[in-house]
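Residue numbers (this note's numbering), protein chains in the order written: chain A, 1 to 234; chain B, 235 to 619; chain C, 620 to 909; chain D, 910 to 1230; chain E, 1231 to 1483.
Keep in mind the hints are simulated off the structure, nothing from the lab.
Just so it is clear, CB atoms sit at the ideal spot from N, CA and C, and this is done for glycine as well.
It is possible that some hints are incorrect.
Stated by the list, open to error - Distance condition first, Cα-Cα at most 20 angstroms in a straight line; then the derived DMTMM-like pairs of lysine to aspartate or glutamate:
no.: 1; chain 1: B; residue 1: 331; chain 2: B; residue 2: 545
no.: 2; chain 1: B; residue 1: 483; chain 2: B; residue 2: 499
no.: 3; chain 1: C; residue 1: 808; chain 2: A; residue 2: 50
no.: 4; chain 1: A; residue 1: 180; chain 2: A; residue 2: 114
no.: 5; chain 1: B; residue 1: 373; chain 2: B; residue 2: 581
no.: 6; chain 1: B; residue 1: 402; chain 2: B; residue 2: 412
no.: 7; chain 1: B; residue 1: 374; chain 2: B; residue 2: 484
no.: 8; chain 1: B; residue 1: 513; chain 2: B; residue 2: 537
no.: 9; chain 1: B; residue 1: 331; chain 2: B; residue 2: 307
no.: 10; chain 1: B; residue 1: 594; chain 2: B; residue 2: 484
no.: 11; chain 1: D; residue 1: 1218; chain 2: E; residue 2: 1380
no.: 12; chain 1: B; residue 1: 513; chain 2: B; residue 2: 268
no.: 13; chain 1: B; residue 1: 565; chain 2: B; residue 2: 484
no.: 14; chain 1: A; residue 1: 229; chain 2: E; residue 2: 1415
no.: 15; chain 1: B; residue 1: 619; chain 2: D; residue 2: 996
no.: 16; chain 1: B; residue 1: 513; chain 2: B; residue 2: 269
no.: 17; chain 1: D; residue 1: 1218; chain 2: E; residue 2: 1376
no.: 18; chain 1: B; residue 1: 433; chain 2: C; residue 2: 756
no.: 19; chain 1: B; residue 1: 483; chain 2: C; residue 2: 746
no.: 20; chain 1: A; residue 1: 180; chain 2: A; residue 2: 62
no.: 21; chain 1: B; residue 1: 483; chain 2: B; residue 2: 585
no.: 22; chain 1: A; residue 1: 229; chain 2: A; residue 2: 219
no.: 23; chain 1: B; residue 1: 373; chain 2: B; residue 2: 409
no.: 24; chain 1: B; residue 1: 433; chain 2: B; residue 2: 376
no.: 25; chain 1: A; residue 1: 180; chain 2: A; residue 2: 218
no.: 26; chain 1: A; residue 1: 229; chain 2: E; residue 2: 1442
no.: 27; chain 1: B; residue 1: 619; chain 2: D; residue 2: 1049
no.: 28; chain 1: B; residue 1: 403; chain 2: B; residue 2: 609
no.: 29; chain 1: D; residue 1: 1218; chain 2: C; residue 2: 712
no.: 30; chain 1: B; residue 1: 403; chain 2: B; residue 2: 436
Unchecked claim - What the simulated footprint calls covered on chain D by chain C, stretch by stretch (three residues with Cβ under 8 angstroms from a Cβ of chain C suffice, anywhere in the stretch; the number is not a length):
no.: 31; region: 1017 to 1027
no.: 32; region: 1030 to 1039
no.: 33; region: 1197 to 1203
Claimed, not checked - Only part of the chain D face toward chain B is listed, based on derived beta-carbon distances under 8 angstroms:
no.: 34; residue: 929
no.: 35; residue: 948
no.: 36; residue: 1046
no.: 37; residue: 1047
no.: 38; residue: 1055
no.: 39; residue: 1058
no.: 40; residue: 1062
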Amino acid sequence: MLRLENVHASYDKSEALRGIDLSVTPGEVVCLIGRNGVGKTSTMRAIVQDQITVTQGRVSFEDSDLVGLRPYQIVRRGVGYVPEDRRVFQSLSVLENLRVPSAKAAGRRQWSLDDVFALFPQLYEYRRRTAGVMSGGEQQMLSIARSLLTNPRLLLLDEPHEGLAPKVAEEVVGAIIELKAEGVAMLVSEQALHTIRRCADRVYVVDRGQTVWDGTVEEFYAHPEITEKYLMVQ
Amino acid sequence: AEDGPIKVGFVGGLTGACAALVEDELNAVRMGVDELNAAGGILGRQVELVVRDSQTKPDEGAKQSRELIVGEDIDLLTGVCSSSVMLAMTAVSKELKVPFYSAIGSTQKANVEAYQPYFWQVQANATMEAVAAAEYVAKKPEWRRIVPMGFDYEWGHSSVDAFTTHLKKLRPEIEITDPIFPKVGEANMAPYITAALAKQPDAIFAAVFGGGLASLIKQGQGYGMFERSNLVTLLTVDALQSMGDAMPKERVFGVARAPFFAIEDSEDARAFIAHYRSKYGEYPTDWSINGYDGLMFYAAAAEAAGSVEPDALMKAVHEITFDGLRGNALKVRAFDGQMNAPSYVGEVSFEDGYDFAIMKNVEVYAGEALMWPEETIQAARDAAK
Amino acid sequence: MILVQLVNGLMEGMMLFLIASGLTLIFGVSRIINFAHGSLYMLGAFLTWQLVPLLAPGTVAGFFGAVLLSAVLVAVIGTIFEMLILRRIYGADTLMQLIITIALVFILRDAVRTIWGPNSLSVPMPDAMMGALVIGDNFFPIFPFVIFGAGLVVVLAMILVIHFTRAGILLRAATDDRGMASLLGVNEKLVFTLVFAAGCFLAGLAGGMAAPYGDVNYLLDTTVIVSAFIVCVIGGLGNLYGALAGAMVVGVTKAMGVMFFPRLAMVLIFLIMAAVLVARSLGRQAGPAR
Amino acid sequence: MMARLARAEMPRLRQMLFVAGAVAALEAVNRLTGVSGSLLVAEIIIMMVFASSLNLLMSFGHMVSFGHAAYFGLGSYGFALAITRFDVPAEAALVFGPLLAGIGGLVFGALCVRLTEIYFAMLTLACAQITYTVLFQWYDFTGGDTGLTGFMTPRFGLSEANFASAAMVLALVCLYVLWRVVHSPLGLAIRSVGQDRYRAEALGLSPRRVQLVAFVISAFFAGVAGTLFAVFHGNAFPDYAGLGFTLDALIMVVLGGLNSFLGGVWGALVYTLLKNFVPLMTAHWELILGLILLAIVLVMPHGLAGGVKRLAGMLGWGALR
Amino acid sequence: MTQLRSDLILTARGLRKTYGQFVALNDVNFDLRGGEKHALIGPNGAGKSTFISCVAGQLPGVEGAVLFRGRDIGSLRPHQLAHRGIGRTFQISRTFLQMTVLENMTAAYVIAADSWTSLRRRVLARQQDKAANMLRIIGLSQRAHERVLDLPLGERKRLEFGMALAGDPDLLLLDEPTAGMSIKERHHLMDFVAERIDATGKTLLFVEHDIDVVLKIASRVTVMVRGGILVEGTPAEIAANKEVQAVYLGEAH
Ligand SMILES: Nc1ncnc2c1ncn2[C@@H]1O[C@H](COP(=O)(O)OP(=O)(O)OP(=O)(O)O)[C@@H](O)[C@H]1O
Ligand SMILES: Nc1ncnc2c1ncn2[C@@H]1O[C@H](COP(=O)(O)OP(=O)(O)OP(=O)(O)O)[C@@H](O)[C@H]1O
Ligand SMILES: [Mg+2]
Ligand SMILES: [Mg+2]
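Whole structure, please, built from the sequences with the hints as guidance.
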């Protein structure tokens, strides 16, 4: 459903992506891994046309070209995006944050407030809190919940575990599994795979703005030299 | 050019604060030029009007005047409205020695400190108007306490000063409180009205105009100003017209420059009013009448001088006696270029046949009595040096 | 008299708030300094003058109908302008947007002068709003209370919209993080257009409401824009409650100034503005977050 | 720019040729189009100095002033008041205009540089309005709203054409000084603070001090323009410190093109021409002027200098920055 | 003990910084010896940048004391610190984007020499020569006349580093100098930095996420977590530390 072919993209003049190839099929969870600053976030931004400009290559979703569309149009086609810095609306309450998403997006499943509260019961508890004062983990949940309300068929999750306590991270993994069961495809960026190996199907390794390796999770673990070469040495 | 047309340079504030006044003046001047030309022109030469927009800015006024004088070779400069533009233009007239008169702008500064021999003004200057108001107020013995009010700038201050000084002279026992000076063009007069009424005056003399005046009258009604006091202010025909129904039915007294309803007993004036109405579909305002009178006075002076050459013309300007719409025997005093133009003070009243208030019992004050004597002016000029 | 002046000040304050609310609204969301705000106010006043005689003159309903209709017309004009011109240069330097709105000032001034002439006009006050409440020696005219009421309605409506409707939520979300709103499927350009329209509506509304209280002339634009700036700056640009507070401060100061420093009337407000700005600068400011 | 200078003498020669050509063209217009032409040329030149002074602030210091006319007005009044109130001979009074403007810049600037961005701009507006009000109301000293007139022969009695030439010489000096400022260590400091005050601060520069220096220099040259204007007309009015002149200068600089030394010059040229000729063609000059402004901004969102540069690039010229 | 103190170039005692209710730095005590190449690592949001900003005088409302060569610098403004010998770079690189590379560097020298009030061409030329020389050292001579805006991020970072060197600072603070660079670029830049530091005997304090680089360059490492210091030690000690692996290196999330 999503396909990137030889995508180059840049911020103003500085090039961040130098050849990204990847695809996501319906219902699949694909993991994008690589260390800091290699271009995982930029890849996601290139998909939703946020901040970054695609200078070369093709980005298509369900056979229609996304380059040149405005972000809200892409989201309405069924691509949800949870940015790495979460970007909750600081001065709005949780409930208000959840009312921002446009319901016009046409996904298979129509998410309601009750659905997301069922997924993240803590949010219901804190629904009247100002989003800005919540902890990072809570903000992360809010950000995911908010995206779900755009009824995505494909969800882009940028480092969903970043800064989360292990327990919370576990909950997010749980949520991803649940979403996968709902049939939502996902592209998840990670620095290291261990957090979501339970739910990921395939892996792309990104380095210096390029996809340098891809394969199934099993293959990834079968090739420790990939980790040696492209990920953090531990 | 001795045989070409006589060129009248009209540099007026067609845009900016003066636009409404200048439009009326220009209408009448256009009409006057047509009439003159139909009757063979001045000294047998056609009159050509060259119009420029000063945007009511002194630098623009000066620049346009200079351009018309050197570029268009105009014989006469006029059209000015605001005091500052007038002072800027009179300086140009002085430098380039081109006759210049004012029919709207009326600061006495142009007669006193800034006087120059090529200048005259054909309406009562601001000081004369204030003196006329004082004369009128002095005749109301039941008014014992007066609050003067004026816009906080030269015109407001000098009007209040002249009014106060003259009234004190006429009625030493009358109580005149400290003046109140709202900022120019203030749209919210409520605080000033409150302050004025707190002094429990029998009358308020207000040297304000335009938006500020409209606000004073409209907002004053809410404070019972016209039950508790009287208002004496500058009320030209355009102000009466724009107030419409909102004008209080009584206790407003207006000082005017050339209200058409006060000059209707003259044949010429009636004809002019009729002609103007048929041409522009509205009554001529004070600005139209003075503008027309000004042009006709120039024509008379030029005929008398037999030339429009500046020095000869100025000699005639200072010598001739002119019968105009506002009455007979109008003369320009050589000492300060001031015409002995009358001032009109009356009581606002709604009369049949008009869809706006006019004034009744209008008293006409002849110019001579209102003008500062030459000694006073000389003293002021010396003091300014 | 102090009491009356205080009331005068509060009344003027609310008028100023009406004037400034639209400016601050637009700035808050789109960072555009709308120099044409005063011109739109003026347009609202002239349209009201035109409409009042057509809609049951002299009646309260006729008056409010005319004011609302004028405000809507002004909003329509603003929207067209935003969609045709302003929207094209959202990417350029904000100063270019400023120049664009200055150009609009020129255009509207000429349009108004051409259509209605340079003379000042008078909008009749509905009969029911004339007169005053007389308490002892003190007169409290009714009309300012009407304006005050209208201002209150606007404040309440804005609070209601901003805090309790989805439109308000979107508006605040776009103010917080415009890009993220777009990433949630919100057409943020449309939000901008609507906010601009709302700002213009408020400008027109203020112009219409104030029309019967003074005269309507084609020089209102400059005086109004300067007051609106002052109010917004004192209250903090883009801050609705700040604008309300700023308006009250300016209104009351002006009224009190008449009693205590009559000669300072013209500068007083600017002195306050300068003082507020300088006070804002005291204390050490933080460097960049990173 | 500086680098270009250092790199080779060629562009420098070209720059000098360009300046010589521009001066020759203006002088030709001045001499050949009669008095009206000379008046126009003089006005354009004065506005070039005024706009360039603001340009120093805006393009290089990245400080937006909404009250630059204050210093223009102070320039006019410094000069006029020295003559009328202190009996300074007119020729000697010339220095007092820029001086007063500079002092005004120092006082107001010290307040303004404490703020940044929109609040900086708003404080400059407040300062300018205070200046305007003082000039407008201090009747005994400044002549109030009726201003100061008749204190000198306009243009010191020079003919219009000669005055325009003299103004041109003075303007060249001013522009040269401004150019030198921009291309000096000080200019580098001003630009540094303008582009990234935190970086400049971390390198050891006090941003406020640099901004204040820029502000004073800018005010000084606005004062030169104001003084010239007072000499040109032989008068001084509070309007010269008013919103109108502020907006004019702002429009000139933005229209001319930010981030370019000649932005103010181009803007002054084009906008003054428009303001002069459009009203001659139609009574609806405000409408037409507004539409032309819209058109220019839409067609050239980076200003005239940007457009000119692009054009020069197409013609294979460089170095007209 | 006294001897040990005298070779301390930077000392922080009880540093505390809060944003509203959020505690970004919580009672941080930190010592930096002259001549060290000290790395600061830790998870996102640990307070590393905040700490650097405190030392560089960029933050108001910091509690506690910062001593630079034994003197309290807590109240000094960044530009004063620069003249006392503290140079820095920013996490999000800050350069004068609209100016050329040479102009950027010249500006740094002009400011360092405190000759910014000058109008003289000669002064400019002198600093320009120095700047050109530094550009050669950092390998940007080829780019001298390009606008920084047109430079790739790596070169901007390199330029920023060169600018920080212009003031010949005794202590250099680098906040994530290699963020956003390719691996080769990173090592290249940091090797160069280390070499400059060793050659001049200066002190370096840097924040870095790339653990390879840290292990290779740093002489000592401090790990920060949630506003406090977790542990300090040699690179080898840090790499072996279980706790560090847990919170930062991420073995067991
Ligand atoms: N202005 C601010 N207001 C509120 N919180 C802030 C502010 N600046 C920083 N913080 C918070 O302070 C904490 C420490 O931030 P800091 O930038 O020092 O982290 P860091 O260790 O440098 O992280 P990174 O590796 O991501 O750069 C973070 O949680 C951040 O959100
Ligand atoms: N807004 C921006 N402007 C300019 N450059 C940027 C911007 N955002 C990111 N970059 C640069 O683009 C490159 C790729 O960054 P990106 O954020 O995509 O990496 P990442 O793999 O997501 O890293 P991380 O693990 O830190 O999230 C980096 O060099 C980064 O510095
Ligand atoms: Mg990322
Ligand atoms: Mg950091």
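Against the structure, the hints come out as follows:
Between the alpha carbons of residue 331 of chain B and residue 545 of chain B the distance comes to roughly 9 angstroms, so the proposed pair stays at or under 20 angstroms and holds. Between residue 483 of chain B and residue 499 of chain B the alpha-carbon distance is near 25 angstroms, which puts this suggested pair outside the 20 angstroms criterion. Straight-line distance between C-alpha atoms of residue 808 of chain C and residue 50 of chain A comes to about 15 angstroms, which keeps the hinted pair within the 20 angstroms bound. At roughly 19 angstroms between alpha-carbon atoms, residue 180 of chain A and residue 114 of chain A fall within 20 angstroms of each other, so this suggested pair holds.
Straight-line distance between C-alpha atoms of residue 373 of chain B and residue 581 of chain B comes to about 13 angstroms, which keeps the hinted pair within the 20 angstroms bound. Proposed proximity of residue 402 of chain B and residue 412 of chain B is supported: the alpha carbons are some 13 angstroms apart, at most 20 angstroms. Annotation: proposed proximity of residue 374 of chain B to residue 484 of chain B holds, straight-line Cα distance about 15 angstroms (limit 20 angstroms). The suggested pairing of residue 513 of chain B with residue 537 of chain B is violated, with an alpha-carbon distance near 27 angstroms, which exceeds 20 angstroms.
Restraint check for residue 331 of chain B and residue 307 of chain B: satisfied, since their Cα atoms lie roughly 12 angstroms apart, inside the 20 angstroms limit. As the CA atoms of residue 594 of chain B and residue 484 of chain B are separated by approximately 11 angstroms, the hinted pair is consistent with the 20 angstroms bound. In summary, the hint linking residue 1218 of chain D to residue 1380 of chain E is supported, as the alpha carbons are separated by about 18 angstroms, within the 20 angstroms threshold. With a C-alpha separation of about 12 angstroms, the suggested pair residue 513 of chain B and residue 268 of chain B falls inside the 20 angstroms cut-off, and the hint holds.
A C-alpha spacing of about 35 angstroms is found between residue 565 of chain B and residue 484 of chain B, which places the hinted pair above 20 angstroms, so the restraint is violated. Of the pairs offered as hints, the one joining residue 229 of chain A and residue 1415 of chain E holds, with about 16 angstroms between alpha carbons and a cut-off of 20 angstroms not exceeded. Pair hint residue 619 of chain B plus residue 996 of chain D holds up; C-alpha atoms about 11 angstroms apart against a cutoff of 20 angstroms. A hinted pair counts as satisfied when its Cα atoms are at most 20 angstroms apart, and residue 513 of chain B with residue 269 of chain B qualifies at roughly 12 angstroms.
For a cut-off of 20 angstroms, the pair hint linking residue 1218 of chain D to residue 1376 of chain E stands: about 17 angstroms separates their Cα positions. Note on residue 433 of chain B and residue 756 of chain C: the hinted pairing holds, with a Cα-Cα distance of about 12 angstroms set against a maximum of 20 angstroms. Between residue 483 of chain B and residue 746 of chain C the alpha-carbon distance is near 15 angstroms, which keeps this suggested pair within the 20 angstroms criterion. For the hint pairing residue 180 of chain A with residue 62 of chain A, the CA-to-CA distance comes to about 18 angstroms; that is within 20 angstroms, so the pair holds.
As the CA atoms of residue 483 of chain B and residue 585 of chain B are separated by approximately 10 angstroms, the hinted pair is consistent with the 20 angstroms bound. At most 20 angstroms may separate the alpha-carbon atoms for a hinted pair to count; residue 229 of chain A and residue 219 of chain A meet this at roughly 15 angstroms. Between residue 373 of chain B and residue 409 of chain B the CA atoms are separated by roughly 14 angstroms; this keeps the pair inside 20 angstroms, and the hint holds. Between the alpha carbons of residue 433 of chain B and residue 376 of chain B the distance comes to roughly 16 angstroms, so the proposed pair stays at or under 20 angstroms and holds.
About 19 angstroms separates the Cα atoms of residue 180 of chain A and residue 218 of chain A, which keeps this hinted pair within 20 angstroms; it holds. For a cut-off of 20 angstroms, the pair hint linking residue 229 of chain A to residue 1442 of chain E stands: about 12 angstroms separates their Cα positions. For a cut-off of 20 angstroms, the pair hint linking residue 619 of chain B to residue 1049 of chain D stands: about 13 angstroms separates their Cα positions. Proposed proximity of residue 403 of chain B and residue 609 of chain B is supported: the alpha carbons are some 18 angstroms apart, at most 20 angstroms.
Our distance criterion of 20 angstroms between C-alpha atoms is met by residue 1218 of chain D and residue 712 of chain C, whose separation comes to about 18 angstroms. About 19 angstroms separates the Cα atoms of residue 403 of chain B and residue 436 of chain B, which keeps this hinted pair within 20 angstroms; it holds. For a cut-off of 8 angstroms, the count of residues in the region 1017 to 1027 of chain D with a CB near a CB of chain C stands at 4, and the three-residue condition holds. A count of 7 residues in the region 1030 to 1039 of chain D with a Cβ less than 8 angstroms from any Cβ of chain C is obtained; the coverage claim is therefore met, three being the minimum.
For a cut-off of 8 angstroms, the count of residues in the region 1197 to 1203 of chain D with a CB near a CB of chain C stands at 5, and the three-residue condition holds. Interface hint status for residue 929 of chain D: violated, as the beta-carbon distance to the closest one in chain B is roughly 29 angstroms, over 8 angstroms. For residue 948 of chain D, the interface hint holds, since its Cβ comes within 8 angstroms of a Cβ in chain B; the closest pair sits about 6 angstroms apart. Interface hint status for residue 1046 of chain D: upheld, as the beta-carbon distance to the closest one in chain B is roughly 6 angstroms, under 8 angstroms.
About 11 angstroms separates the beta-carbon of residue 1047 of chain D from the nearest beta-carbon of chain B, more than 8 angstroms, and the hint is not met. Interface restraint check for residue 1055 of chain D: the shortest CB-CB distance to chain B comes to about 5 angstroms, inside 8 angstroms, so the restraint holds. Nearest Cβ of chain B to the Cβ of residue 1058 of chain D: about 5 angstroms, under the 8 angstroms cut. The hint holds. At its closest, the beta carbon of residue 1062 of chain D sits 7 angstroms from a beta carbon of chain B; the interface hint therefore holds under the 8 angstroms criterion.
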